[in-house]
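Got chain W sorted already, so can you dock chain L onto it with the hints?
In case you want the letters, here they are:
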Amino acid sequence: RKEVEQDPGPFNVPEGATVAFNCTYSNSASQSFFWYRQDCRKEPKLLMSVYSSGNEDGRFTAQLNRASQYISLLIRDSKLSDSATYLCVVNEGNQFYFGTGTSLTVIP
Amino acid sequence: NAGVTQTPKFQVLKTGQSMTLQCAQDMNHNSMYWYRQDPGMGLRLIYYSASEGTTDKGEVPNGYNVSRLNKREFSLRLESAAPSQTSVYFCASRLSGGPIQYFGAGTRLSVL
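So the protein sequences, as listed, match chains W and L. Residues in the first sequence are numbered consecutively from 1, following the numbering used here. Residues in the second sequence are numbered consecutively from 109, following the numbering used here.
Check each hint, because a few of them may be wrong.
Just the calculated beta-carbon pair ranges, DEER-fashion [what the hints assert, rightly or not]: (1) W:Ala29 to L:Arg152: 13 to 23 Å; (2) L:Asp134 to W:Asp57: 41 to 51 Å; (3) L:Gly205 to W:Asp57: 14 to 24 Å.
Selected chain W positions facing chain L (in silico; Cβ < 8 Å) [to be verified]: (4) Gly9; (5) Glu92; (6) Phe98; (7) Gly99.
Derived from the structure by calculation, the hints contain no laboratory data. From a predicted model like this one, the values you see are computed outputs, not experimental measurements. Cβ atoms here follow ideal geometry from the backbone N, Cα and C, with glycine treated the same way.
Next comes chain W alone, as it looks inside the complex (with noise of 0.2 Å):
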């Protein structure tokens, strides 16, 4: 069983639109959580950190739920520069595991 599981979708969604990613995680003793994003042919870079009671950063609003092992990313207001693929990480220690990422395109 993968650590890390994510729909790898693609979403494709018009300008403005709300879009929900979700992901799941198998270790219940995972630490730290993370969305990523990585553009085509580019190295991930950090999005946002994930917490228990939530956070947000501008359009972008991330949720933990440890119980479910249930990690969300909501984007609202989508831009035309939000296309790209986005990736679930948790960390256990020294180690990070990867979901295989979800794919959004955003369509004029």
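Relative to the frame of chain W, chain L by itself:
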């Protein structure tokens, strides 16, 4: 600010050839990582080095060796390349205990 620098950016090898992928970071980070990324598989950890002088296997270490040359540099060696090692390789670093990994731009390797 260079961050994490990987060389080369592209490489084509023949089966059985050897090569070393170089990675250097200038952020004074303790921990460094090598990942490979394949379509539909996500990033998978090959080896990591939690601190200078230590290295540990990750999820997919077979066919690879690593050297933590000093605090800045962490190299990945393919002794006898195989077509199954065709992939994009990313090096990353982070401050020990810190939450964020910083990635290099990647090395695109094809083994024919």
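Those earlier numbered hints the structure runs against, lowest number first: 2, 4, 5
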